[in-house]
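S.K.: This is what each chain is made of:
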Amino acid sequence: MRFSLKPQDDTFYAFFNDAAENIRRGVGILAELGDDAPDFQKISERLVDVEHDNDQLTHRLFNKVNSTFVTPMDRTDMYHLAGKLDDILDHIEAAANLVYLYGLSDLPALPREMIEQITVLTQQAELLVEFMPKLKGLNASMQDFWVECNRLENDGDRAYRMLLVRLYSGEYPALTVMKLKEVGDELEAACDSFESVSNVVESVYVKES
Amino acid sequence: MRFSLKPQDDTFYAFFNDAAENIRRGVGILAELGDDAPDFQKISERLVDVEHDNDQLTHRLFNKVNSTFVTPMDRTDMYHLAGKLDDILDHIEAAANLVYLYGLSDLPALPREMIEQITVLTQQAELLVEFMPKLKGLNASMQDFWVECNRLENDGDRAYRMLLVRLYSGEYPALTVMKLKEVGDELEAACDSFESVSNVVESVYVKES
Amino acid sequence: MRFSLKPQDDTFYAFFNDAAENIRRGVGILAELGDDAPDFQKISERLVDVEHDNDQLTHRLFNKVNSTFVTPMDRTDMYHLAGKLDDILDHIEAAANLVYLYGLSDLPALPREMIEQITVLTQQAELLVEFMPKLKGLNASMQDFWVECNRLENDGDRAYRMLLVRLYSGEYPALTVMKLKEVGDELEAACDSFESVSNVVESVYVKES
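Chains as they are written, first to last, in the UniProt record's numbering: chain W, 1 to 209; chain Z, 1 to 209; chain H, 1 to 209.
Note that these hints are calculated values from the structure, not bench results.
Glycine included, each C-beta is placed from N, C-alpha and C at the ideal position.
Just so you know, not all the hints are guaranteed correct.
One side only, chain Z facing chain W, incomplete, derived with CB under 8 Å [claimed, not checked]:
no., residue
1, K64
2, V65
3, N66
4, T76
5, Y79
6, Y102
7, A174
8, L175
9, M178
10, E182
Capping the alpha-carbon separation at 25 Å, the derived lysine-lysine pairs in DSS-like fashion look like this [claimed, not checked]:
no., chain 1, residue 1, chain 2, residue 2
11, Z, K181, W, K181
12, Z, K207, W, K207
13, Z, K84, H, K84
14, Z, K134, H, K64
15, Z, K134, W, K84
16, H, K207, W, K64
17, H, K64, H, K84
18, Z, K84, Z, K134
19, H, K64, W, K84
Same shape as in the complex, but just chain W:
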């Protein structure tokens, strides 16, 4: 209840909720890579737009932070959290862009393990949208958030490692392996960025508690 007397705090929390929703939207578009005959170019272009929306959200938050005397969370923490949320969309946009740029659309399908990476990202985005509104109260239930984040990040690591095993199995020519690995690396980085978000939230909690 310590923040209840500062009504404008809601603007800050609303930003983080909007960013989470925007990430879910981005991951939803990325997941279309698993459809039959996806339009790789369109997916990439739509993700550039989503990333752009996020840049504008972040910009508005920073202006608000700079023009507000008392902020509900430490300025540096809000700054950090916004940066990590931004990283998620950067990596997702990069993954989709590389699929298109490298002409991986010529493959019969993306490797199953890569689609599994995207499934984990979808679950992480859902979790983020579910827990972000609870950031305001920062109560003990947040513990569930980072336990679950950690579990999903382990799932993501496993999918990534299985992708590498597949890529190095000799099924693809060397250059195709390199291209696919580049994409898998971006998806893995997006997965790690979700965990970084959880780590920032956890460190805020540790400080405030």
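Let chain W serve as the given structure and place chains Z and H on it in line with the hints.
M.R.: The following block gives chains Z and H in isolation, referenced to the frame of chain W:
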């Protein structure tokens, strides 16, 4: 002597000592990769156990931090330090697991430069076990710790660069190069994580002094 | 004007200006890779010297920070900023060293996109030298610094992605692709480090304002 009146502080420092010991244990298992005819699967499985022990240590530390009113170091710093120690074992476990998963056991031997990377990690782990008990006093002798850490990290960088030169020499097929590089990258990341530990300790020292 | 009564502050700001100048010198040497028939070994050796000069600068700053009671910026921030400046030269030195070590001098020329990465680094270094002296006042004009940093980092990302497309086009043999990618990765990391510098400056500004 500033902490001498808070007897429970020792629990915090004991955690960091235990984590250092655990890391030395992990690096010792990793070093068996340089033996004649090592059991790659067993090494990987034993390292999963060591990493799991570390996760439990970290979990106990975080609970302790959350339930203690006055902590001997800044909460965020303890949190950071535990995270960096955790990173070391993550990378070591990953390296051993990839050697096994990629079937690199089929090579007559791992490249000599990779064994040199592991030798550096062994020296870094010894250094950590030696200096961690001095964290409590945080006196000027810690300066030796980070000077030495820096020196070992340079040794590690050199071993890694020589590994890359060897891998790109044309001695191995392209896919084998990629697999070996993946392993070398994890060893290099473990080496860098040791230096991150040293950086956190140094920044604590800068703040406290 | 808040620091005007502490004359020795200038020593701290002088360090950051010297570090920026040193980085510009390093990037200037790196840019010689784009000349006709460059001496790859000499370029690499000269960059080792520049990096060494920077290590000494950093060492002097840390001693100063440790022996000064009131510092003009938060100790941890100065520590961070020096570390990020150091990262830039580490990556630049590594890039030039890998070009030499891998014998990439045998290629008719480095890929055009790689020279474009170096052009972006040159612009980033100029920007750093221009804005570093304004760190002392930390006034609103710093906003231009990070807006411009962000723009250049996007240019760098684009050059890097175009390099990857070229490398994976089938023009080079697989091992050459791997070597060139290693170099491009270091250049990209240098470009990202410039943005990290800007992020640290921005977070200092957010805290102080």
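S.K.: Starting from the hint list further up, note which numbers the structure goes against and sort them upward.
M.R.: 1, 15, 19
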